[in-house]
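Chemist: The residues making up each chain are set out below.
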Amino acid sequence: MRPVLYVLTFLAVIALGFWAYRENYATQASLREVRGLQNEIADLRESLSVQRAEWAYLNRPDRLRELATLNFDTLGLLPMEPGQFVAADQVAYPAPEIPAITAPVDVQGETSAAAAAPAASEEGL
Amino acid sequence: MRTPLRPLTRILLARQRGENPDLIERENLDRRHEVLREKTQVRASARLGLLALAFGCAYVTIGVRMGHLAASVPVEPVASARGAEIVAQRADIVDREGRILATNMTTHALYAHPKDMVDPKGTAKKLAEIFPDLDAAALERRFTDGRSFVWVRKVLSPEQMQLVHEIGDPGLLFGPREMRLYPNGTLAAHVLGGYSFGAEGVHSAEVIGTAGVEKAMDARLRDPAEGGEPLELSLDLSVQATVEEVLAGGIAMMNAKGGTAILMDVHTGEVLAMASAPTFDPNDRPTPLVDKNAEPADSPLFNRGVQGVYELGSTFKIFAVAQAMELGLVNPNTMVDANAPMTWGKHKIKEFEGHNYGPLLSVSDVIAKSSNVGTAHIALMVGPLRQQAFLKSLGFFEPTPLELIEAPGAKPLIPKRWPEIVTITTSYGHGMSASPMHLAAAYTAIANGGIYIKPTLLKQTGPAKGVRVMSEKVAAESRKMLRRVVTDGTASYGEVEGYEVAGKTGTADKPKKSGGYYKNKVINTFASMFPASAPRYVLIVTLDEPINTLGSIPRRTAGWTAVPVAAEMIRRVAPLLGLRPKVELANQPTLTAAKN
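First to last, the sequence lines map onto chains C and X. The opening residue of the first sequence carries number 1 in this note's numbering; numbering runs sequentially from there. The opening residue of the second sequence carries number 1001 in this note's numbering; numbering runs sequentially from there.
Derived by calculation from the structure, the hints in this document are not laboratory data. Quick caveat: nothing in here was measured; it's all calculated off a predicted structure. We treat Cβ as the ideally placed atom computed from N, Cα and C, and that holds for glycine. Certain hints may be false.
Some chain X residues well away from chain C (every beta-carbon gap over 10 Å; in silico) [as the list claims (entries may be wrong)]:
id : residue
1  : P1120
2  : Q1162
3  : P1183
4  : E1245
5  : Y1357
6  : G1462
Covered stretches of chain C, going by a simulated chain X footprint (3 or more residues, C-beta under 8 Å) [unchecked claim]:
id : stretch
7  : 39-52
8  : 61-67
9  : 73-82
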C-alpha cells in the first residue's frame, strides 16, 4: 500500500510542478501584455490630448470669425442678433400641400355669382 | 539478543566463591541502562538538529526577502487597473461648456554636454541659425569654457527638433518637457495669466502658474488627488470672445487708451466674461515693465477689471439713494435740494458743465439727471457712519475675492478719515477708489433683489448664498430709477430694443500722480443690468481716456463713450446667452371682457 502512496505523491508533485511552471510563464506573458497595453493607452491619451488641443486651436473664435468672413459668399454667416429671435406664434405655418390636379373640371359661370355663393354659405352657418 | 540480568553460570560461580550474586545483577542492569541512555541521546539531538534547521531555513528566507525588498527599486503593481491612468502633470482649464482654455503639450527641451561635443564652434553657429534669438559667439563661449552641462532651449517645436537632430552632434541632447498651451491665444489672457518652468531637470520640469487663475489655483491644478480633472471656469468662450471683440472695437472708435468689460450672472456671482484691453498672448507672456516710473496700467499685463482701482464717478450715486430709501429717509418721489453750486465749508460742489437742476429735484430725477448736489444732500441725510457701513456691506472696503492672484493685491483706496465732505464726495464716486469688479459685485446686489454675493471665476452649480444688504422693494425701486437713466436720462444710447437695459453712467477725472486731477483725461464707466424687470446679468464697461470725436465737438462723458459700447455689447452678447428679446408687437390682439 505504502509504495503506491509514494508513487502517487511523487506523480502529484511532478504534476503540480508542471502546473506551477505553466502558470508562472502565463502570468509573465499577461504582465508583459498589460505593460504593452498600458504604454499604448498612455500613447493614445497623449495623442488624444494633442488632438484636443489641436481641435481647440482650430476652433478658436478669431479663426472662426475670419473664416466666416472669408466664406461669406457661400455660408452667409452673421453674428447672432436679437432680431433673429421670433415668438413661436409668429412663425408662419408651412403652406398646406395642394394635391396635384389629376382630373381637371371645366367650370363655366359668372364671376360675381361665383364670389357671392361662398359668402352666402358662410352667413348660413 | 537480550542478555539475562542473572546469568546462571556466573551466579553459580559467585555462590561457590561466596560472593553476593546481586552485584552481578546490578552490573548487568547498569550496562543495559547505559545502552538505552545513549540511544535516547542520539535521537534527541537529531530532533533538535532538525528543528534548528527548520528555524534556520525560515530565518534565512525572511532575511533574504527583506534584503531583496530593501535593495530593489519599488515597482507599482502592474496588474492593477489604476496604473492605466496616466495623469498629466497639470490639469487643463476649461470654460463652463468644457471648451479648452489651457492644456498641456509634450515637447522637448534642448541641452548640451559640451565635453561630448565633436565640434563646439560649428554646432554653436548652426544652433544660432536655427534659433535666431541665440547668439553664436556667446553659445560658443559657454560650450568651450569647460562646463559639462548647458541648457540651450526650454521648449522646441517638432520642426526645430528635427533641424537640431540634423546637426548630428553627440553633445546635443533632448529632454522631454510638458508645456502649457493656450489654444485661443489672447482670449481671456488676463484671467488665465501665464506659466513658467519651476525646478528643471533633464527628464522633466515643473510647470508653475505665474499670474491669473494659473497662479491663484496653482495648488489645485497640480494636485495629483484631483486625478487631472479639468478646472472649470465660469467664463463662456463665445461670450468672452464677443465681449473682447466689441471692447476692442469700442476702444478704437472712442480713441481710448484701454478699457475693461465684466459680465456677471446676478444669481450665481459667476463672471461670464472679463476682458481687459490692451491684451497679450499668454503663450508668449511679455515681461513686466522694468521702469519704476511707468504707469502699471501701460503694461498689457495690467488687468483693468481687477487692478484698475479708480474713482468710479456717478455710478456710486445709486448706492447713496438706495441706502436712503432702505433707511426710509426718502422715496423715489421725495423732493430734495439740488440747488447748484452747493457750498460746504470751503468746498464748492458743482454739477457737470455748471448746470443747475434745482432748486428741487425728485430722488428719481437725481439719478436720471446725475445730480451731484442732490446726491450730496441725500448722503448727508444718511450720515458718514451709516454710509461707510453700507459701502462695506457691498464689498467696497476689501479686495475682491476673485480667484486671481492679482485680486488680493488690488485694495480699494479708502480715505483714512471720513468727515462729512468725504461723505459728500463718496456719494457721487469721488474720494474713494475701487475696481470695476467691485462695482460689478455691488450692482449685482441691486440686480438680484438686494443680496450681495461674492463674484467668482469658478463654475457654480446653483444660485449663490449671499448676505441681504437691502430689501427687495428698495432694490426694485433702484432698478426702476436705473431704467429711467436709460429711457430718459444720461444713458440714452444704452437702449437695446427688447432687453430693457438699466444702468448708470459715471465720468471721473483721472488723478495726477503729483496730486490733483487732469482736465481732459477721464475714466468713463457704464454700470448696467438687463433685462431691468428681472435682471439676469450685470455688465460693467469702463474706458480709459476715451474721446468721442464722431460728433461736431469732442465729447468725454460716459453717455457718449462707454454707453454705446456697452449697448453694442449687450446687443451681441444677450442672444448668445439665450436671452430672448421682449418684442412689443404693434397690433397685439387684445381681450375685452364680454358677457353672453
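Chemist: Take the hints in turn and mark each one as holding or not.
Modeler: Hints and how they fare:
Distance check for P1120 of chain X against chain C: the nearest CB is about 34 Å away, which clears 10 Å, and the non-interface claim stands. Once the 10 Å rule is applied to beta carbons, Q1162 of chain X is consistent with being away from chain C; the minimum gap is 17 Å. Not every beta carbon of chain C lies more than 10 Å from that of P1183 of chain X, the smallest distance being close to 4 Å; the non-interface claim is violated. Listed as outside the interface, E1245 of chain X is inconsistent with that label: its C-beta sits roughly 7 Å from the nearest C-beta of chain C, within the 10 Å cut-off.
Once the 10 Å rule is applied to beta carbons, Y1357 of chain X is consistent with being away from chain C; the minimum gap is 34 Å. No Cβ of chain C comes within 10 Å of the Cβ of G1462 of chain X; the nearest lies about 27 Å off, and the non-interface call holds. For the stretch 39-52 of chain C, the stated coverage by chain X holds: 7 residues have a C-beta nearer than 8 Å to a C-beta of that chain, and at least 3 were required. For a cut-off of 8 Å, the count of residues in the stretch 61-67 of chain C with a CB near a CB of chain X stands at 3, and the three-residue condition holds.
For a cut-off of 8 Å, the count of residues in the stretch 73-82 of chain C with a CB near a CB of chain X stands at 4, and the three-residue condition holds.
Violated hints, in rising order: 3 and 4; the structure is consistent with all others.
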